[in-house]
Amino acid sequence: MAVEILSVGAYTPPNRVSNDQLAEIYNIDTSDEWIRSHTGIGSRYIASEEETCTDIAHQASLRALEKAGVTVDELDCIIFTTSTPDYKIFPASASILQDKLGAKNAGAFDLAQGCTGFIYGLEVGRSMILGGMKKVLVVGAEKLSTYLNWNDRSTCVLFGDGAGAVVLSHTNEDKSDIFDKYLRSEGSGAEALKVHKGGSKNPLVIGEPVDEDSFIFMDGRQVYNFAVRSVTEVIRILMEKHNISIDDLKYIVPHQANQRIIQAAAKRLGMSMDKFYLNIEEFANTSAATIPIALNEMDEKGLLEKGDLILTVGFGAGLAYGGNLLRW
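Counting in the numbering used here, the final residue of the sequence shown is number 1486, and the numbers go up one at a time with none missing.
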């Protein structure tokens, strides 16, 4: 038995916000030139107050299922990778998504591993298929705008909302479409990227005001250094393990966090940036959704053909990182 990627689908909210609009709407002391030069971001999509993370995931899931020709009744499990669930602790957003889809035969659970979540989710989904399940939906979705401090220009300009999903299936082919992974974590750096308040370590207290500790904090320099090093490590190890040359890879699809990170990693590896697929200019950082959104865009543009070898690489909160080798 092997694992097949039947389809990929994506969704972003209709509200597209350019850098100039962002600065004006939220009264941020920044500019299009500053954001582009420091990150490569030109715009992002922001969900309305009424639109939840599971609403965003629902739309991406429906598109993936339609493209796969799979009904919701055929799903055995839903893996929902997100850092911005509908509810802080429980219920799991995967259960809410399962209900919205009407997938009455499916189990469902959340997987929280930040920007590396989809990387981990693919491997968990692959393992479930090899364990006997027939159809598994893996979703990466975020409503990061909920956790942004609009007074902190070092973080609020980086993120957007969106979702991407893939449908995995068992197949009788000899080779799996997901045929290797590399998963790692450096918990010693966990404090570098976090939301300080709201967990059992620093719980919310009745009567205390909402302050900057309730929103995303990032030590930009530490995260940057970690990201460049981890991207380089993942790509090098997976390529060496399988004796893959750069010419064998159709694309490397990295987590879309900062264009400078990918440029620095490419330079260390001696690779051309042409080998990396980037869409951060349009979508910004959608955390667990960046890689499936990119895969969907590549698929819809006709950039991928059956049999193409793709390497995904993710990095982020945890600090976690990893990659998947995919055969399209």
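Please note that a few of the clues may not be correct.
[What the hints assert, rightly or not] So the derived label-pair ranges between C-beta atoms look like this: (1) Y1184 - N1437: 31 to 39 Å; (2) V1353 - N1330: 21 to 29 Å; (3) W1192 - S1346: 28 to 36 Å; (4) R1342 - K1433: 32 to 40 Å; (5) L1362 - G1265: 41 to 49 Å; (6) E1182 - L1461: 32 to 40 Å; (7) Y1184 - H1400: 20 to 28 Å; (8) L1461 - K1425: 35 to 43 Å; (9) D1371 - R1342: 25 to 33 Å; (10) D1466 - N1185: 40 to 48 Å.
[Claimed, not checked] Below 20 Å or equal to it, Euclidean Cα-Cα: the simulated PhoX-like pairs (lysine-lysine) are: (11) K1246 - K1355; (12) K1246 - K1352; (13) K1408 - K1464; (14) K1333 - K1258; (15) K1355 - K1339; (16) K1333 - K1399; (17) K1225 - K1292; (18) K1359 - K1408; (19) K1464 - K1433; (20) K1464 - K1333; (21) K1433 - K1408; (22) K1425 - K1408; (23) K1425 - K1225; (24) K1339 - K1399; (25) K1292 - K1333; (26) K1359 - K1246; (27) K1225 - K1433; (28) K1292 - K1262; (29) K1258 - K1225; (30) K1408 - K1339.
Hints in this document: simulated from the structure, not taken from any laboratory. Ideal placement from N, C-alpha and C gives every residue a C-beta, glycine not left out.
Outcome of the hint check:
no.	hint	verdict
1	Y1184 - N1437: 31 to 39 Å	23 Å, violated
2	V1353 - N1330: 21 to 29 Å	45 Å, violated
3	W1192 - S1346: 28 to 36 Å	32 Å, holds
4	R1342 - K1433: 32 to 40 Å	22 Å, violated
5	L1362 - G1265: 41 to 49 Å	30 Å, violated
6	E1182 - L1461: 32 to 40 Å	34 Å, holds
7	Y1184 - H1400: 20 to 28 Å	45 Å, violated
8	L1461 - K1425: 35 to 43 Å	24 Å, violated
9	D1371 - R1342: 25 to 33 Å	28 Å, holds
10	D1466 - N1185: 40 to 48 Å	45 Å, holds
11	K1246 - K1355	11 Å, holds
12	K1246 - K1352	14 Å, holds
13	K1408 - K1464	11 Å, holds
14	K1333 - K1258	33 Å, violated
15	K1355 - K1339	33 Å, violated
16	K1333 - K1399	17 Å, holds
17	K1225 - K1292	17 Å, holds
18	K1359 - K1408	44 Å, violated
19	K1464 - K1433	18 Å, holds
20	K1464 - K1333	13 Å, holds
21	K1433 - K1408	7 Å, holds
22	K1425 - K1408	18 Å, holds
23	K1425 - K1225	37 Å, violated
24	K1339 - K1399	11 Å, holds
25	K1292 - K1333	16 Å, holds
26	K1359 - K1246	14 Å, holds
27	K1225 - K1433	27 Å, violated
28	K1292 - K1262	15 Å, holds
29	K1258 - K1225	18 Å, holds
30	K1408 - K1339	17 Å, holds
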